[in-house]
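S.K.: Chain H is already provided as a structure; the job is to place chain Z on it using the hints.
Taken in order, these protein sequences are the chains called H and Z. The opening position of the first sequence corresponds to residue 1 in my numbering, with each subsequent residue numbered one higher. The opening position of the second sequence corresponds to residue 1 in my numbering, with each subsequent residue numbered one higher.
The set of hints was computed from the structure by calculation and includes no laboratory data. Check the hints yourself; a few may be wrong.
One copy or any two copies: either way a pair holds, since identical chains are not told apart in the list.
Heads up, simulated DSBU-like pairs for lysine-lysine below, C-alpha to C-alpha not over 30 Å straight-line [claimed, not checked]:
1. K359 to K125
2. K424 to K383
3. K28 to K318
4. K311 to K383
5. K383 to K278
6. K125 to K203
7. K38 to K79
8. K359 to K278
9. K339 to K424
10. K8 to K38
11. K203 to K28
12. K38 to K298
13. K359 to K383
14. K38 to K275
In this text the structure is predicted, and so the values were computed from the model without any measurement.
Number of protein chains: 2
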Amino acid sequence: MNLQAASKDQLSAWEQELSAAYRTAQGKKLNLDLTRGKPSAEQLSLANALDGILNGDYSANGVDVRNYGGLDGLPEVRKLGAEIMDVPVENVLAGGNSSLTLMHQTVLVAAYFGLQGEASAWHNKGTMKFLCPVPGYDRHFSVCEHMGIEMVTAPMTATGPDMDQVEKMIAEDANIVGMWCVPKYSNPTGVVYSDDTVQRIAKLAKIAGEGFRVFWDNAYAVHDLVDEPVALASIHEASIAAGTEDSVIQFASTSKITFAGAGVAFMAASESNLKGIKHALSFMTIGPDKVNQLRHVKFFSENGALQAHMKKHAAIIKPRFASVLDHLQAAFGDSELGKWESPEGGYFISFDTLPGLAKDVVRMAGEAGVKLTPAGATFPYGKDPQDSNIRIAPTVPTVEQVDAAMEIFVLCVKLASVRQALAK
Amino acid sequence: MNLQAASKDQLSAWEQELSAAYRTAQGKKLNLDLTRGKPSAEQLSLANALDGILNGDYSANGVDVRNYGGLDGLPEVRKLGAEIMDVPVENVLAGGNSSLTLMHQTVLVAAYFGLQGEASAWHNKGTMKFLCPVPGYDRHFSVCEHMGIEMVTAPMTATGPDMDQVEKMIAEDANIVGMWCVPKYSNPTGVVYSDDTVQRIAKLAKIAGEGFRVFWDNAYAVHDLVDEPVALASIHEASIAAGTEDSVIQFASTSKITFAGAGVAFMAASESNLKGIKHALSFMTIGPDKVNQLRHVKFFSENGALQAHMKKHAAIIKPRFASVLDHLQAAFGDSELGKWESPEGGYFISFDTLPGLAKDVVRMAGEAGVKLTPAGATFPYGKDPQDSNIRIAPTVPTVEQVDAAMEIFVLCVKLASVRQALAK
Chain H
1 MNLQAASKDQ LSAWEQELSA AYRTAQGKKL NLDLTRGKPS AEQLSLANAL DGILNGDYSA
61 NGVDVRNYGG LDGLPEVRKL GAEIMDVPVE NVLAGGNSSL TLMHQTVLVA AYFGLQGEAS
121 AWHNKGTMKF LCPVPGYDRH FSVCEHMGIE MVTAPMTATG PDMDQVEKMI AEDANIVGMW
181 CVPKYSNPTG VVYSDDTVQR IAKLAKIAGE GFRVFWDNAY AVHDLVDEPV ALASIHEASI
241 AAGTEDSVIQ FASTSKITFA GAGVAFMAAS ESNLKGIKHA LSFMTIGPDK VNQLRHVKFF
301 SENGALQAHM KKHAAIIKPR FASVLDHLQA AFGDSELGKW ESPEGGYFIS FDTLPGLAKD
361 VVRMAGEAGV KLTPAGATFP YGKDPQDSNI RIAPTVPTVE QVDAAMEIFV LCVKLASVRQ
421 ALAK
Chain Z
1 MNLQAASKDQ LSAWEQELSA AYRTAQGKKL NLDLTRGKPS AEQLSLANAL DGILNGDYSA
61 NGVDVRNYGG LDGLPEVRKL GAEIMDVPVE NVLAGGNSSL TLMHQTVLVA AYFGLQGEAS
121 AWHNKGTMKF LCPVPGYDRH FSVCEHMGIE MVTAPMTATG PDMDQVEKMI AEDANIVGMW
181 CVPKYSNPTG VVYSDDTVQR IAKLAKIAGE GFRVFWDNAY AVHDLVDEPV ALASIHEASI
241 AAGTEDSVIQ FASTSKITFA GAGVAFMAAS ESNLKGIKHA LSFMTIGPDK VNQLRHVKFF
301 SENGALQAHM KKHAAIIKPR FASVLDHLQA AFGDSELGKW ESPEGGYFIS FDTLPGLAKD
361 VVRMAGEAGV KLTPAGATFP YGKDPQDSNI RIAPTVPTVE QVDAAMEIFV LCVKLASVRQ
421 ALAK
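Okay, chain H solo, but in the shape it has when bound:
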């Protein structure tokens, strides 16, 4: 379908044909949902052995996990975090059930209390800004909104954020105090940051100065769908090599490994950052749920158990991703109507329509029974300046449902594109 080369008559013919198909689709009264970036019941069941795994033994090397205490979590579960994030265990803190909470707490402390004493609080600068690669994760953006932090954007590319632009922005604006990154299977584009990108991000603090922090949300660190996944370079090692260790704070969780609502969240940071965070945490809690942490230790206690477990997830997710990508390739592989990456892991596929069509497509799909994440949600303040990005989350529906939903999705993209061309 080449819209630019098509005659008005050809466009009209396509419009009629697609409209008819769309009306037929509407008649089916479907109820499909591609909005939710969460594990399916089948995936969650892979970890059903968690409850009861302790077998009455609540002791972890002499620690009674039922009682208070231990602000940075059980040493044994911190090892699991170290394995997931590929960092030394001494840099790891294990928290409660939510890495979002750890991120919110860390931004709060850095902004208003100071990670290295009150004088280091970003708030002292007056205006605080975060650099947000777009499209990105809406809950990162909402943390900034809550904290009164302005957001400025740089585009994502196939190798990560556009680093020329990122470096330029940081050099020119001393109020940029932080940056969000989802470095592996980025939410939502699915790309893995290239080695060069990781190296350049590790060096950003040399441009930005002391208080700057990269929030490295490695939410999909071990969530590969292929047998030989692209390796993400170690930002930990890169930052040590660059002498910028304090500028990177990493996050991860088992939310999409075991239970989405009842997993264990982790952060990894330099000794100095951990000290600042733990000081603040000491006012907020007497410690995380060590019983649940011990369950996770037992569940992954065998060597290689984590990898074997993630392969089971991959087997469930893979056909859903394949369905989405096959439909997109078949419909738009030879046209300019859409652009997307082909992620080898993570939870999302991100699709860019022609400019100005994302809202229309989401609305049309909704009216034909296919719920999509609201257009704009992947941008700060919910505003996609191009109105073109749509996030597709295929993990919860069955493969058949993904197939049915994608048929309608491509139909809506085609119809909206043809109508736009006709209106020109």
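M.R.: Same frame as chain H, but now just chain Z:
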């Protein structure tokens, strides 16, 4: 032992006798600990059935508790919170494993974000102050310190805070935005607020004005040691009757019911307060650990199960409290050397030495192998102006250990008192 009536010779004789006994005690090289307000392993074991109680069924009335979602917790566990706090379930929010975290979050929101929109944030007043009944709970005070809230004090009496003084302070200082209360088996004095005190606290907002909030930490709501405990009047009903429902926020948890590190925390508040808190929580988390919440629902699903469970705790704690109180009564029942309440529940017994002796007693006991909470810890900024309050926490040691520790404690109180009298 009547120090004032005693002659110098009598005091010297006592001093020599007590010093000899103290040296003998030191020689025993004891290692006893009365510092920790936490459940013993025996108590924790009462809830050992929690892990595995779900028997593979992770569904709560159709909700898959393993997945994301549900900011205010499972409806079923909110009922448990309603039972503990004696409030309607619609006023209850169930959180993670820490009521301290809920309190910290609520103070944070009220202070800097506003429970009812930004204009309602206490921060707008400039100076923020909290009224702290003393002696009180150190972690309440540290929340204030962390948040930049000044603390002003009013004395505890046998019926709760000195309400004449509380009302006067609030009338005279518009910067007092909140007040800490542990209304039942108060930490550390163990008193239960009288009906009159509860009524007067419910009406404080009429003196203080709109933003004022009472933080009603009902940590020991069901932690009775006697069969017919004194009932705490309902602050919920009192505040509704007074038209001050927004001024009271209640907290509780199962930390000292099931597992201290892995229980469920609750808060109860008016619709308006809950709305403000949930708005803020929506930036901080995707929801609490519903799997653990469901475990608690199952554990207490039988009618009366909670009460029966608390009786088992009482049976374990009671002889320890009895030991402390027996030793105090035997040693000081007929003298002016110390004052204490006789709590019928909770975790603490609070002892007031003659003025100026608490630090000495704590140091002397420590040097004879009995660890006590640092003197001053029960006051804001760690400063007891009278240097007389000592918190005794007898739940963790065995009864024999409590006995041995109390023998040394009373010896140290007597010796310090005699030495003080001699030095006059």
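S.K.: Next step is simple, just say for each hint if it's right about the structure.
M.R.: Okay, the hints, checked on the actual structure:
1. K359 to K125: Neither, since 37 Å and 43 Å both go past 30 Å.
2. K424 to K383: Cα proximity of K424 and K383: one copy only (24 Å, versus 77 Å across).
3. K28 to K318: within (27 Å within a copy, 68 Å between copies)
4. K311 to K383: Classified as neither: same-chain Cα gap 36 Å, cross-chain 57 Å, threshold 30 Å.
5. K383 to K278: between (36 Å within a copy, 24 Å between copies)
6. K125 to K203: Result: close within a single copy only, 22 Å intra versus 42 Å inter.
7. K38 to K79: Both: 25 Å inside a chain and 28 Å across chains, each within 30 Å.
8. K359 to K278: between (43 Å within a copy, 29 Å between copies)
9. K339 to K424: Within one copy, since 21 Å is at most 30 Å while 89 Å is not.
10. K8 to K38: neither (43 Å within a copy, 79 Å between copies)
11. K203 to K28: neither (54 Å within a copy, 60 Å between copies)
12. K38 to K298: For K38 and K298, both the intra-copy (24 Å) and inter-copy (26 Å) Cα distances are at most 30 Å.
13. K359 to K383: Cα proximity of K359 and K383: one copy only (11 Å, versus 61 Å across).
14. K38 to K275: between (32 Å within a copy, 26 Å between copies)
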